[in-house]
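Asker: Work the whole structure out from these sequences, hints included.
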Amino acid sequence: MAELIYDETGRLLFTEEMRKEYTILVPQMLPVHFTMMRQILESYGYNCETLGGNPREIVDTGLKYVHNDTCYPALLVIGQLMSAVQSGKYDKDKVALLITQTGGGCRASNYIHLLRKALKKAGLEQVPVISLNLSGLEKNPGFKLTINLGIKMLYAMVYGDLIVLLANQTRPYEINKGETDRLVDYWMNKLVKEFEQGVKISKKRVVAKMDEICADFAKIPVTEKNKTRVGIVGEIYVKYSPLGNNNLEEFLQNEGCEVVVPGLMDFMIFKIYNREVDVNLYGGKWIKKTVCRVMKKYFEDYQQRMIDVINKYPGFRAPGTFSHLEHLAMDYLGAGNKMGEGWLLTGEMLELINDGTNNIVCTQPFGCLPNHIVGKGMIRKIKDDYPESNIVAIDYDPGATKINQENRIKLMLANTGKMKQFVKQ
Amino acid sequence: MKIRVGIDIGSTTVKVVILDKDDNVLYQSYERHFAKVREKAAEQLKKAADFLKGNPLTVAITGSAGLGVAKAADIPFVQEVYATAAAVNRYVPQADAVIELGGEDAKIIFFRGSLEERMNGSCAGGTGAFIDQMATLLNVDVNELDRLSLSHEKIYPIASRCGVFAKSDIQPILNQGGRKEDVAASIFQAVVDQTIAGLTQGRDLDGTIVFLGGPLFFLKGLRQRFIETLHLDAEHGIFPENAQVFAAIGAAICSDQYGETDYDSLISYLENAVTASSISDPMPPLFESEEEYRIFSERHAKATPATVDIDTYKGKAWLGIDAGSTTTKIVLMAENGGILYSYYSSNKGNPVSVVREQLEIIYEKCGDRIKICGCGTTGYGEELIKNAFNADYGLVETVAHLRAAKYFQPEVDFIIDIGGQDMKCFKIHGGAVDSIMLNEACSSGCGSFIETFAKALGYDIATFAKLGIFDKTPVNLGSRCTVFMNSSVKQAQKDGASVEDISAGLSISVVKNAIYKVIRAANADDLGKHIVVQGGTFLNDAVLRSFEQEIGREVIRPTIAGLMGAYGAALYAQDMNREETTLLTAQQLKDFVHTARPVTCNLCTNHCSLTVNTFDNGRRFISGNRCSRPLGKDKSTLPNIYQYKLKRLQEMQGTGNGTGARGKMGLPFGLNIYENLPFWYELFTQLNFDVVLSPVSDRKTYLLGQRTIPSDTVCYPAKLMHGHLQRLINMGVENVFYPCMSYNFDEGKGDNHYNCPVVAYYPELLAANMPDVKKINFMNFYVGLHQPKEFEKKFSQHMLEIFGIPKRETVAAVRKAYTAYNAYKEEIRTKTQEYIDFARANGKNIIVMAGRPYHIDPEINHGIDELISSFDLVVISEDGLSHILDKEPRKVLNQWTYQTRMYQAARYICSQPDMQLVQLVSFGCGIDAITTDELRDILEAGGKLYTQLKIDDISNLGAVKIRIRSLIAAMQAKEEN
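Which chain is which? The protein sequence lines are A and B, in order. All residue numbers for the first sequence refer to my numbering, where the first residue is -9 and numbers rise by one. All residue numbers for the second sequence refer to my numbering, where the first residue is 3 and numbers rise by one.
Just so you know, these hints were derived from the structure itself, not from any lab. Everything hinted at is true.
Covered, in the sense of this in silico footprint (three residues per stretch, anywhere, with C-beta under 8 Å from a C-beta of chain B), are these stretches of chain A:
id	segment
1	51 to 61
2	370 to 376
Mimicking DSSO-like on lysine-lysine, the simulated pairs with C-alpha atoms at most 30 Å apart in a straight line are:
id	chain 1	residue 1	chain 2	residue 2
3	B	K23	B	K55
4	B	K429	B	K304
5	B	K304	B	K316
6	B	K795	A	K279
7	A	K134	A	K82
8	A	K278	B	K796
9	A	K111	B	K893
10	A	K278	B	K893
11	A	K392	B	K38
12	B	K751	A	K278
Chain A is nowhere near these chain B residues, computed Cβ spacing over 10 Å in every case:
id	residue
13	D25
14	K318
15	N338
16	S347
17	Q411
18	Q551
19	C603
20	L633
21	G945
22	L959
23	E977
Keep in mind that this is a model prediction, so the values were computed, not measured. Backbone N, C-alpha and C define an ideal beta-carbon position, used for all residues, glycine too.
Answerer: In structure tokens, the structure reads:
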């Protein structure tokens, strides 16, 4: 059995030996992206598992180990990990937990610490926690985000964004039920196989693949694309995770809407760009700024190529670029507004509206600090600037009921059509 | 003749309307459905059979709970806002906006300009259910509440955000003798404020407003509050005669578009529709068998005091009175601890008269045989009762409960008391209370909460509780606050849960709430080995059982669980060994008179809402005060750094050492300006600006900006900023400076030095939500004070661009500003040491009130510093101590400057025997969800007590007092050991 080794601050390390013996548990957030990322990690010799689980049990476990005023995503992520560790499915001495760490002034950067506290409370201090981050925080000898692995992760993200976007624009209109989802699975498997086979992946190849993917989705027979479009923005976890938002996407689809969910790429670019902005605003090393610039450019380039490919297919609407989002948001917030989703969230709302998606659900954990400002706080001004916009802010929380949330979303949807006849000028 | 039918199924009521072809209402009904929606709808239609039979019908259903029924019965559904809008359009075409209050929803629709609809968020209580809850609390029905409100004289500020909060505001008012009439009107005012603040969110509410929904239709007092608050005349405030059924009328109008049916088919659709039960994974039952329950009952029956017959007993006796938040408990105890007489009942909103009646009964029963030697009072109304009846002792609740628990289990190490309104848990160490946990205002799921549900479902509490005991499939209702629980119960009902399932489920929720929210325990060992449970709620066997199941350990529940406070007070009086009691005699009781009068104290800016109780012989008792001035005594003059800092900061306005030639520079006096004012003041006066601070916050500051607050769950300190900025604008200040700051000063004690997101970016929110900001030069650009060199460069560029100030001038001013800021910090540290020395020289204990810099705002801290000071304690703050120790790694991410100071201060006081820490936490502070646990860990590991005071726009000083007094009692016990 692997020896427990600690670093100088007393943090339990994930060692090379553990890598061979341990199962790494990963919380679920974006099913398509995370599934591909997990499979990539597996191809690097990690035993990984993305978690599911009974929502009620996850919430109950979360409540037990996390202060109930802490944000809901922390409660769910930690609840999901803790209930998996205690489920009896895994050997408690041969399991590690992986959690993302973003840093920044939002309390969300505390997840990893809260998770360790929870493990301690449960008497499971032997379980190592791995931080997945781009900032070089908390290094582990047995888990290294190499450049090669990082680039593959980036590909998974690009492909993931593309597939989710195409699927969202196809699924509501498909004539043969289930065809879209089958194609999603087909492509996920195909792409992962390619990663596993270690094919040398070049930018050119990625563009070609993206083209192939678009072509395949374009082949799905569809009806006229005329459903009410509803955008989803918000705190990253509740925005994406069906567990966090009570299956919001499914609900909206059942209400006869086409959902529009901005991708993960923008968030990643945003987090990189923040470092550059910090140097601009407060000073700092030019080298840091340059590195961030190069990285940002690299990501943006992929985003641009994805947009170009989508634009070749008239049946699909491409998302805006990161710089366009920034341009839109700067009338509302400063570039320095970086905690949580920061100005990006406002930018996404504006981009949706500019693209004709006037109906928006702005999701946030109950009491989310940044969203007081960049979500709920900007709706008034957006409404003034774009009277046709129709935004509802929904809070998610362990006690909030689905029915309560759905009533509010339905109210927003009621505004999309027939209500207009009652307006007075 | 063609007839149109509209059915509106809301969260609590079903409304049916029948229209003829000319839109005349032929029939209408409005009834509570008690979760039996289809049956109620069918029943109401049958009553109207005369109008319906034989006619072709069109039908539509609307309402928040209507969709499921509509689907199941295959009847067309119309979205409720659409239905309402259709009806308003038909009957009140000139309407500009609609306000509709329902059972659980509050809505607003704006028709003019851009269409907007809003509904209360998930944490909002200004609805019918809230009013019902409040009526229950006052022990009147809703109509009586309405009638009372019409003869009010005074409006108390009551938190309107949610029912739980409002309750904790109302209870002390009642217990201190406030008039029910005033409380009733205040409740309605709270609903109005909530609607305006929560729903308009910055949009002006003007033009013609239509008021709809049951509460607004039935309650004249509520209408009056709306009319007065919005300054409406008859032309602009419209209350339609069918307001309670308007959505149903709209549904009837809309039913036009759908196919025809007839009476018999309609009834059969409704009666035969089966809503599928979808309750999944219920929780395990409380008892597997009746036998198991019998053993359980017998075990608990053993913990009981002797019963002594009052009619034959001769000798000494002691009296204990526990005037709790909703109930009054009285015990007359014999020398052997046996109970001669006991009383437990609702205090009916007037504890004084209840106690008086009881005393008369007791005196009569005692006759000449029994001599009352002493009387102790405790509970929320402790002081009032003590003063009213000249009792001998007033005890803080925790002390009374501990005394009683020891009687049943001398080794007791953990007590949990769940009463009607609050939950108290304390750990006992070395025979004294060591750590106290009380439910915070927003997670209370206590006794009165089960009771409210029982009533809503048509049961009394005892019957309701029994229903759950043998239930096989308790429903999981989650464990958040009452408002959320309401919707969980509604959802469970819709999913087909039985009343038994709900009863058992509620009991389990109360317990989970206690264990995981209030105590924050992960397992039984966190509690203790000898646990005594008490409080009226534990008399409910379902609650007791689920508590034992949840912690996996047997506990002691005395048979007098509901009387423990009173029993403890009686035992205490006996311990004191006194011969004569000062309690009013039977004769004096005959002349007893009590009147209560509400007064606003004007002796300082706190403007406390006082209640002046007058008794016979001119005896008086004043409550609601923070300091001792209204009592005719001087304010405490002990050192109090909160007062010192506030005074020092207020001095920082004007032209200082400059000329003021560049005109006025406004600074909104809130959030991080409290921290950085010495810096900005120096900087701007050096640049020859005349610095104008907005006046220190008061309630009016909040009200001034209330309408422009977009997020009702943000913390109160942030909400106040709207009023501060508006004040500056109203004062004609043209330049206002309020910068965005992601980072704070780096004091080198943490891993980073952030501000919280709200402090960091609130200036941007203000700019986006306050229309008048456009009238001024509002400077909210980003600055980073942590990098002086860069700041100097950036800031001088800004000053050059905005005011044409030469860069060299700004650079010089910036340097002086840094010096001034450091000098101020040093001053606070020196002052703190001075205060500590004073305390030590004079034998006083010291309280470190730890919070944020802006917690010295008296509107935010509600005068808690003065309250603490009045208990003969010296008050200092965390920033005077945080520099002493070196940095130490923490188990949480230690990345916010203000929070780091608290950790540092907490670590320091662990080595100071005469210091204790009290943490002020603003409701809604997400960061403090992390710091509270960490601070508790630091303090408990250091052998200190952890006391947290949660504060919001209104604060329940009663609860604060109990905590502070418990803390003092625990400190004394520690000293004695």
